[in-house]
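Asker: Residue numbers (this note's numbering), protein chains in the order written: chain R, 2 to 386; chain A, 2 to 386; chain U, 2 to 386; chain V, 2 to 386.
Calculated directly from the structure, the hints in this document are not laboratory data. Bear in mind that the values here come from a model prediction, so they are computed numbers and not experimental data. There could be a bad hint or two in this list.
Since the list gives no way to pick out one identical chain from another, each pair is judged satisfied if it fits inside one copy or across any two copies.
[To be verified] No more than 30 Å apart at the CA atoms, straight line, and that leaves these computed lysine-lysine pairs for DSSO-like:
1. Lys200 x Lys277
2. Lys277 x Lys76
3. Lys277 x Lys100
4. Lys61 x Lys177
5. Lys100 x Lys177
6. Lys318 x Lys200
7. Lys318 x Lys277
8. Lys169 x Lys61
9. Lys318 x Lys41
10. Lys61 x Lys318
11. Lys61 x Lys41
12. Lys339 x Lys177
13. Lys318 x Lys76
There are 4 protein chains.
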Amino acid sequence: MASNSFGTHFRITTWGESHGPAIGVVIDGCPPGIEISAEKIQPALDLRAPGRNPFVTPRKESDQIQILSGVYEGKTTGHPISLLLWNQSAESGAYNHLKELYRPGHSNFTYLTKYGIFDSRGGGRSSGRETACRVAAGAVAQLVLDQFGIQPLAALVDAGGVSSIDPKSQIDWSDKDLVSRIDQSPIFCPNQELEDVIKNRIAEAIADGDSIGGTIEGIVFGMPIGLGDPVYEKLEANLAKAMLSIPATKGFEIGEGFDAAKMSGYDHNDRFIHEKIDGNERIGLETNHAGGTLGGISNGMPLRFTVAVKPTSSVRKLQRTIGLDGVEREFGLAEGAKHDPCIAVRAVPVVKAMTQLVLVDALLANQLISSFVTKGYKETNVCGL
Amino acid sequence: MASNSFGTHFRITTWGESHGPAIGVVIDGCPPGIEISAEKIQPALDLRAPGRNPFVTPRKESDQIQILSGVYEGKTTGHPISLLLWNQSAESGAYNHLKELYRPGHSNFTYLTKYGIFDSRGGGRSSGRETACRVAAGAVAQLVLDQFGIQPLAALVDAGGVSSIDPKSQIDWSDKDLVSRIDQSPIFCPNQELEDVIKNRIAEAIADGDSIGGTIEGIVFGMPIGLGDPVYEKLEANLAKAMLSIPATKGFEIGEGFDAAKMSGYDHNDRFIHEKIDGNERIGLETNHAGGTLGGISNGMPLRFTVAVKPTSSVRKLQRTIGLDGVEREFGLAEGAKHDPCIAVRAVPVVKAMTQLVLVDALLANQLISSFVTKGYKETNVCGL
Amino acid sequence: MASNSFGTHFRITTWGESHGPAIGVVIDGCPPGIEISAEKIQPALDLRAPGRNPFVTPRKESDQIQILSGVYEGKTTGHPISLLLWNQSAESGAYNHLKELYRPGHSNFTYLTKYGIFDSRGGGRSSGRETACRVAAGAVAQLVLDQFGIQPLAALVDAGGVSSIDPKSQIDWSDKDLVSRIDQSPIFCPNQELEDVIKNRIAEAIADGDSIGGTIEGIVFGMPIGLGDPVYEKLEANLAKAMLSIPATKGFEIGEGFDAAKMSGYDHNDRFIHEKIDGNERIGLETNHAGGTLGGISNGMPLRFTVAVKPTSSVRKLQRTIGLDGVEREFGLAEGAKHDPCIAVRAVPVVKAMTQLVLVDALLANQLISSFVTKGYKETNVCGL
Amino acid sequence: MASNSFGTHFRITTWGESHGPAIGVVIDGCPPGIEISAEKIQPALDLRAPGRNPFVTPRKESDQIQILSGVYEGKTTGHPISLLLWNQSAESGAYNHLKELYRPGHSNFTYLTKYGIFDSRGGGRSSGRETACRVAAGAVAQLVLDQFGIQPLAALVDAGGVSSIDPKSQIDWSDKDLVSRIDQSPIFCPNQELEDVIKNRIAEAIADGDSIGGTIEGIVFGMPIGLGDPVYEKLEANLAKAMLSIPATKGFEIGEGFDAAKMSGYDHNDRFIHEKIDGNERIGLETNHAGGTLGGISNGMPLRFTVAVKPTSSVRKLQRTIGLDGVEREFGLAEGAKHDPCIAVRAVPVVKAMTQLVLVDALLANQLISSFVTKGYKETNVCGL
């Protein structure tokens, strides 16, 4: 089944295997007239890139993005934007011994059962490498969101259970320096103290030949009211799908999330209040327990959600498993094999990208921006709109 | 935007308002030749119906299902099945005073801002009443799942935070009497002790004029390997969307969920083992930390997930809010007003229904069942398949 | 496969069999705030209704439309509109003898081969009766189109080959009285002379126990520029699909259609000119060989197209065929059996309805109308659009 | 709006402009395990390529296809297949003078009005060059169809109105040598006599500085019964959409098409008969007036349809038009400018490709082939299917 596309109006289709010649994404439905260039997309990719520091996989990929279509004289045309990344670190020989094993926590068992064939080089299509395409597309989506002042952020708020308190309470999002802090942190951590603890925990896991999971928090500032649709296309429903489509994710919650289940209605309800924004009075909400939606539609408060990421399945510790030949054996990654000790770190830019994609799709679905130039339209319109 | 359909292959479209003349659902894509009748669908609806006991809303609806199409001589034909429920308890006058208020925790603020119009009678389209249609459609889906021995279950495992331990550990799903126990429990509880504690907590909330949230666990036995699709149509991604589309839900986790974020890879990985099922040897998994999928595709283990439900927003306690006229006032439901003190209770059958819908869609997407009678096809086939 | 929906943004889903209890349609995606009532929809249905005059089937159906949802205080709410028609003329006994035969020109052979089951009462789901739902939905679509001054029309321009000239040249569409003339004609004919000739041809066919085909022309006045999308969602591509989805249709052409294949580029090209509309100068086209689109996008000229309809397959003349038991036999409808001697007549309102549906979908896709109340949105918008 | 994808189950997404760096197509949903290579796709592209002979545009493109993903050890994996063609003949300077004009018969007027921006280099996205991607994808689709013995063909049966008889009667499709004859004909003509007449007519048009239209017939041998779905997804409806999505097409008819409108029901109905195929008796049809479907579902007879193609809009003859500056002027292509004198010629392989895409999608929709390896599935299946 066709399952490599995301979004309805700003629709992306990704392709490519971890160790094939290239990976790429086609974006269909991007509004015309937006200034775009490889330079504007590259920084987002650089944040997700492997080999940046000791806390992520040492695989080397320069991940230089190429724009192959949909741009004319530096602007989007409204036609498909094809982005391509050539793979460089494709030593597929290194994976030969993995071909013969059902790898614990990996998809080769289900892929082989389902398709009868599996590109075992670096995980093929199931590799996290596919997420580079999501980040590239998310960066394009952001160019649209920028026109509305919509700003999604994401940060690592826990890993390996180091945090004794609720990870959702780690961040003071009102801090104005937070964005640059997070982007500069090698592990996308919102504060130095937490960063140090998590770094130690990751170093420990590396020493053990093991890996750890983590928790990511996402927030979106500048939310308009009205994004999302009733019943089956609720904003949080599409966000949940987006997050659970990221490899290794195991949970999603919005607002108070699982804590809401323990609260009373009186305490959980956010009260409506009058508030002033830039001198204009409007109706707002006193608290944000709901996390930014009511009835599946954005209510103008920041969207706030958490995502659980499991520990990387590839570990050096020996694990019992079964070969494709049916014989039981033990298996552990070789010393120095390229993998992430805490995949939640590099999932942070991907959580941000999927948020960007959900929001731009909701914006287009709800026609807050137009796919065509209204002025031109009106000038030549027969029926005198 | 069209947002009232769920599913691609077994596609349901629901319609109707809480206090309109009727509500209904059209099922498109149900395979032909399946025995069906109102009697087979009704029991599922009866479980979700209001007014069953003191722990749910006293609203009275007999919810007698009518089948208007898609059935011939007691069997499905492969054409749309239209199901209809006439509304009976539609005293819309009772809602007149609510028309003038932005109700805390409700959708009338976002609906009014988005659409400029809101059917305030009982919440109109945003009412939980819509979920009766999901349950009816789920019961039809189950007729298909039955042919594969796939059995989804759901139960209430916590409410109002009564449970001191992880709700996910409450249930011994290997207990054979559990299904009938859950269905007979007025609050869908898997064991008597927990049921008593939760009942007390609900009674307390009623006495306080307040409400409580709850946690639901879902499990699916008889899972085939191979359901779900890579990248954006992972089984857990669609399940997450399905669950977050249920009114009042705030979180979803699969397998260890948020606890996975605290585990090490060595501990979280489920080991492959040889196992015997009914005398046949096959490859299975020793544990089920993943919750039944690998790479977004079912691995043959039971699907296991948890859903967080917020406390009912309608409470009797007075809350500050704002009128549509912009004037601040206090608001609480009248004594005896019809609402659920813990909406998580009646969400249990809905969680089960959405699971049924996700699974039947995945089955059809993956062509484990055919929409047409292969025998007839082959006999008359030109090209000699 | 789910195949009973049409449209992406203004999506209709129809259900029901010819002789089941009812038929209906759910419209999802209709913009809010539009005045609507059964009275506004009924006239379109009356034009398509059977039993109106000797030139159509004598089946009696009052076809009184019921609106079950999506309307509040006389206006659309943006939520699904459920329309229902109870069947009245459902003498299914009359069809018993047809159950045992593969009927020439009918779908029971392919349905039975594909589904293994066939509701033979009046053709079940494959009956033309389903088109009543399209007409009802088209009437709702027109309420939206009215706000843009877009007016689709359709007329019967040939039947049984009576016309010696190109049917496309029959109509002087500039005639202001044409709309009421067509609606008043029992066979939707644009002029009296043609009407008389076709009536005679139909009477002849009835006398022969035979049937005839016909040609329908569609035109749309008030077309804006910009409807339709490049490559695979060209306006004429969606129009072609819409027309070929009507039972009994065999061809579609836009503009010069098949005659364009015989023309030279110099002659076929429509020249751009300056024109004045209501005092405003704009760029228009001198001729309309293209039929109203360029590159799949409307160019502001009237949309103009033709649809071929085959002769009704049900005839009284004896025809050789095969029974489900494999035995050859002869078959002809009984004297007085209810069928249309020229189904093209009652296809005229359906061609108009499908045009309405294609256009409203294109309008919404292209965001010329908004699904939400911009004013309300802007007032409460966080990001200060 | 996203409009660059075709198909639901075997979904293609094309991208790229006529004079951008490259064009390409992503195929999502191709079944796994099919042997594939660039060599197997290239021949189809070579037939459509420009510059092959004097009857098509002299533009030079080697059109060497590159496969970038979805293939492992020479077989499809079930994951997206990315195909890429680098553009070579991209002298965009040649188009500078066209930037300033609304070109008669071209899409720059509607594109500019709709998008406010237009890649004028060779028509950008609206160029026929996009169809190379359709042909490449069609060749991949054919690898699937081959497994079912389904063989679509297409041929040019008229151009510039040279044919005095109905083009549909030109071809004796029972001739076994026809396939190679058509492929060897520089203009895809089924017989030498017709080829000579059309060649002369094309030469005439070239001499005149003009262009001509043409008519294409398509046929599909080896059709199974059961492809296509009732109501809105009829096989002919999707075929019509596919054909009208090809640039320059203006009409589609199936079976007798517009001639059916002139026939009587008795004459048009195809009688059911017993027939023997390879020694097996089955129910067949005596004639094929319907063109291969009944009720929108294939009936086992060859699918037969006709497509009208308008004359190329680009001509050397001077034509009056308007500049973007509003000034009227005359315009004709320069002597030697690269364009097709009869675009219908190069549309023939595109008609075939779109037929291949419609059929493979219908096959997958109807689950005649499985997206996964049933054997593997069954072996490991929990529920003992």
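Asker: Between Lys61 and Lys177, at a C-alpha cutoff of 30 Å, which is it: within one copy, between copies, both, or neither?
Answerer: Answer is neither; intra-copy 33 Å and inter-copy 53 Å both fail.
Asker: Taking 30 Å as the upper bound on the Cα-Cα distance, should Lys100 and Lys177 be classified as within, between, both, or neither?
Answerer: neither (49 Å within a copy, 40 Å between copies)
Asker: For the identical chains here, do Lys318 and Lys76 meet the 30 Å Cα criterion within one copy, between copies, both, or neither?
Answerer: Classified as neither: same-chain Cα gap 50 Å, cross-chain 34 Å, threshold 30 Å.
Asker: Measure nothing new, just compare the shortest in-copy and cross-copy C-alpha distances for Lys277 and Lys76 to 30 Å and report within, between, both or neither.
Answerer: Neither. Shortest intra-copy (36 Å) and inter-copy (33 Å) distances fail the 30 Å Cα cut-off.
Asker: How do Lys318 and Lys277 come out at 30 Å by Cα distance, when the copy is not named: within, between, both, or neither?
Answerer: between (57 Å within a copy, 28 Å between copies)
Asker: Checking an output row: Lys318 and Lys41, CA cutoff 30 Å. Within, between, both or neither?
Answerer: Neither. Shortest intra-copy (41 Å) and inter-copy (45 Å) distances fail the 30 Å Cα cut-off.
Asker: Since the copies are identical, ignore which copy is meant and state whether Lys318 and Lys200 lie within 30 Å (CA to CA) inside a copy, between copies, both or neither.
Answerer: within (20 Å within a copy, 47 Å between copies)
Asker: Check Lys200 against Lys277 for me: Cα-Cα at most 30 Å, and say if that holds within a copy, between copies, both or neither.
Answerer: neither (41 Å within a copy, 44 Å between copies)
Asker: Given identical chains, is Lys61 near Lys41, meaning Cα to Cα at most 30 Å, within a copy, between copies, both, or neither?
Answerer: within (22 Å within a copy, 34 Å between copies)
Asker: Can you tell me if Lys61 and Lys318 fall within 30 Å by alpha carbon in one copy, between copies, both or neither?
Answerer: Close inside one copy (24 Å), not across copies (58 Å); limit 30 Å.
Asker: For Lys339 and Lys177, with the copy left unspecified, which applies at a CA distance of at most 30 Å: within, between, both, or neither?
Answerer: Neither way: Lys339 and Lys177 sit 36 Å apart in one copy and 46 Å across, limit 30 Å.
Asker: Please sort Lys277 with Lys100 into within, between, both or neither, judging by C-alpha distance up to 30 Å.
Answerer: between (61 Å within a copy, 25 Å between copies)
Violation of the numbered hints given earlier is confined to hints 1, 2, 4, 5, 8, 9, 12 and 13; the remaining hints are satisfied by the structure.
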